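K.L.:
Please build the complete structure, drawing on both the sequences and the hints.
Protein sequences appear in the order of chains A and B.
Residue 193 in full-length UniProt numbering sits at position 193 of the first sequence, and the numbers go up by one each step.
Residue 122 in full-length UniProt numbering sits at position 122 of the second sequence, and the numbers go up by one each step.
Simulated from the structure, these hints should not be mistaken for laboratory data.
Bear in mind that the values here come from a model prediction, so they are computed numbers and not experimental data.
Check each hint, because a few of them may be wrong.
As the list claims (entries may be wrong) - Here are some, though not all, of the chain A residues that point toward chain B, as calculated from beta-carbon distances under 10 Å:
| hint | residue |
| --- | --- |
| 1 | Ser164 |
| 2 | Leu166 |
| 3 | Ile170 |
| 4 | Arg175 |
| 5 | Val232 |
Unchecked claim - For lysine to aspartate or glutamate, the following EDC-like pairs were computed, each having C-alpha atoms within a straight-line distance of at most 20 Å:
| hint | chain 1 | residue 1 | chain 2 | residue 2 |
| --- | --- | --- | --- | --- |
| 6 | A | Lys13 | A | Asp23 |
| 7 | B | Lys66 | A | Asp4 |
| 8 | A | Lys188 | A | Glu222 |
| 9 | B | Lys66 | A | Glu222 |
| 10 | A | Lys188 | A | Asp4 |
| 11 | A | Lys142 | A | Glu161 |
Positions of the beta carbon are idealized from the N, C-alpha and C atoms, including for glycine.
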Amino acid sequence: MANDPIHQFQISKLIPIEIGGLDFSFTNSAAFMVATVVAAGAFLFLTTSSRGLVPSRMQSVSEMSYEFVASMLRDAAGSQGMRFFPMVFSLFMFVLVANLIGLFPYFFTVTSHLIVTFALALLVIGTVIVYGFMKHGFGFLKLFVPQGVPGILVPLVVLIEVISFLSRPISLSVRLFANMLAGHITLKVFAGFVTSLSAFGAVGVVGSILPLFMTVAITGLEVLVAFLQAYVFAVLTCMYLNDALHPGH
Amino acid sequence: MAKPPGPGETGNDRPENRAENDIRDDELERRRRQLEATLATRRQAERDGEKSTGSSGVTGYGQALKLSSEFIAGIAVGVGIGWIIDRTAGTSPWGLIVFLLLGFGAGVLNVLRSAGMVTEAGVRSADKQSDGPEKK
Numbered sequence: 001m002a003n004d005p006i007h008q009f010q011i012s013k014l015i016p017i018e019i020g021g022l023d024f025s026f027t028n029s030a031a032f033m034v035a036t037v038v039a040a041g042a043f044l045f046l047t048t049s050s051r052g053l054v055p056s057r058m059q060s061v062s063e064m065s066y067e068f069v070a071s072m073l074r075d076a077a078g079s080q081g082m083r084f085f086p087m088v089f090s091l092f093m094f095v096l097v098a099n100l101i102g103l104f105p106y107f108f109t110v111t112s113h114l115i116v117t118f119a120l121a122l123l124v125i126g127t128v129i130v131y132g133f134m135k136h137g138f139g140f141l142k143l144f145v146p147q148g149v150p151g152i153l154v155p156l157v158v159l160i161e162v163i164s165f166l167s168r169p170i171s172l173s174v175r176l177f178a179n180m181l182a183g184h185i186t187l188k189v190f191a192g193f194v195t196s197l198s199a200f201g202a203v204g205v206v207g208s209i210l211p212l213f214m215t216v217a218i219t220g221l222e223v224l225v226a227f228l229q230a231y232v233f234a235v236l237t238c239m240y241l242n243d244a245l246h247p248g249h
Numbered sequence: 001m002a003k004p005p006g007p008g009e010t011g012n013d014r015p016e017n018r019a020e021n022d023i024r025d026d027e028l029e030r031r032r033r034q035l036e037a038t039l040a041t042r043r044q045a046e047r048d049g050e051k052s053t054g055s056s057g058v059t060g061y062g063q064a065l066k067l068s069s070e071f072i073a074g075i076a077v078g079v080g081i082g083w084i085i086d087r088t089a090g091t092s093p094w095g096l097i098v099f100l101l102l103g104f105g106a107g108v109l110n111v112l113r114s115a116g117m118v119t120e121a122g123v124r125s126a127d128k129q130s131d132g133p134e135k136k
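P.N.:
Right, here's the structure in full:
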């Protein structure tokens, strides 16, 4: 078990709940989702509760995260996009905090499960579709018809554009999931080398310095990836929301 | 030291000294311009270098994951649609074949789009000024 790099992704039921034959158990994944939300919410609430005009160190961290997401959204979707700020900010904070919490040893990484990231991506795409049709009616479908395409090619191009649009939630979710999964497996494999090498006596212990060093280095890289993937997820969300706000025109 | 030093404070009251100062100023001006020119070229080179080396190391790995996921997602969706059409309409191999190819096209489009070589779906809104990396 100690050397199994996949074991960390196993879901275990903490409180088994079954309603009408369906499994609604409270799992470790759910527990860490709750922990993520609580951590992010508590951090933002506590750090901004003093409301200093001159922010304290922690307050400026939360203000920076606000500014960061706000400017990202404004750049991508214009000032109209700011109505989606709560959603984008929540998504960003959830993904970021879930990624960071997952870096602690023995902690579960929520975003390393495809279904979680896919649900988040579906939320984004669902918002884009619903809001697009609400605001533009069938004009939203212009999104799929690029301008300046010869008439014969239009059906082909529209089909390709539709497939491309439908592939967005998949690529959005797979990217986040694959990054977290690959990173954590790599980390675990290198950490496993340390224990298995040191079983070979003195030479092994000396040799295990190398994978130990790698583990430390990869941990640093993983912190970067955790932030980067949350950022990428939020940026792509902003870009897709921009399509909902201004399709084709 | 405490006083703000004027230009050429070391006795520029004498005429021969002043002429020398003028020459030195000219020399200085010339050198400064030269430095500016070299700095400009170097900064440009650095910026270009950043752009090219940006695709190595960590960001290269990220780029690879990004592009491959875009490509695979396109194909997967194409295959999925084709399979569903075959299931419902009973046109067994044809839906899969056609939509696999369309999905391939969509995957290539996704990759080109995320690499910034094709304009985004639809035309960008007016409040977004010229989209730099697109339409290379």
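K.L.:
Each hint needs a verdict: does it hold in this structure or not?
P.N.:
Do the hints match the structure? See the list:
Against a cut-off of 10 Å between C-beta atoms, the interface hint on serine 164(A) holds, since the closest Cβ of chain B lies about 4 Å away. For leucine 166(A), the suggested interface contact is upheld, since its CB lies about 5 Å from the closest CB of chain B, less than 10 Å. Given the 10 Å rule on beta carbons, the hint for isoleucine 170(A) holds: about 4 Å separates it from the nearest Cβ of chain B. Contact between arginine 175(A) and chain B, as hinted, is supported at the beta carbon level, the nearest pair being about 5 Å apart and thus within 10 Å.
The beta carbon of valine 232(A) is positioned within 10 Å of a beta carbon in chain B (closest approach about 7 Å), and the interface hint is therefore held. Between the alpha carbons of lysine 13(A) and aspartate 23(A) the distance comes to roughly 10 Å, so the proposed pair stays at or under 20 Å and holds. Proposed proximity of lysine 66(B) and aspartate 4(A) is contradicted: the alpha carbons are some 27 Å apart, above 20 Å. Restraint check for lysine 188(A) and glutamate 222(A): the C-alpha separation of about 12 Å stays at or below 20 Å, so the hint holds.
This hinted pair checks out: lysine 66(B) and glutamate 222(A) have alpha carbons roughly 16 Å apart, not beyond 20 Å. For the hint pairing lysine 188(A) with aspartate 4(A), the CA-to-CA distance comes to about 8 Å; that is within 20 Å, so the pair holds. At most 20 Å may separate the alpha-carbon atoms for a hinted pair to count; lysine 142(A) and glutamate 161(A) meet this at roughly 11 Å.
In the structure shown, a violation is registered for the earlier hint numbered 7 alone.
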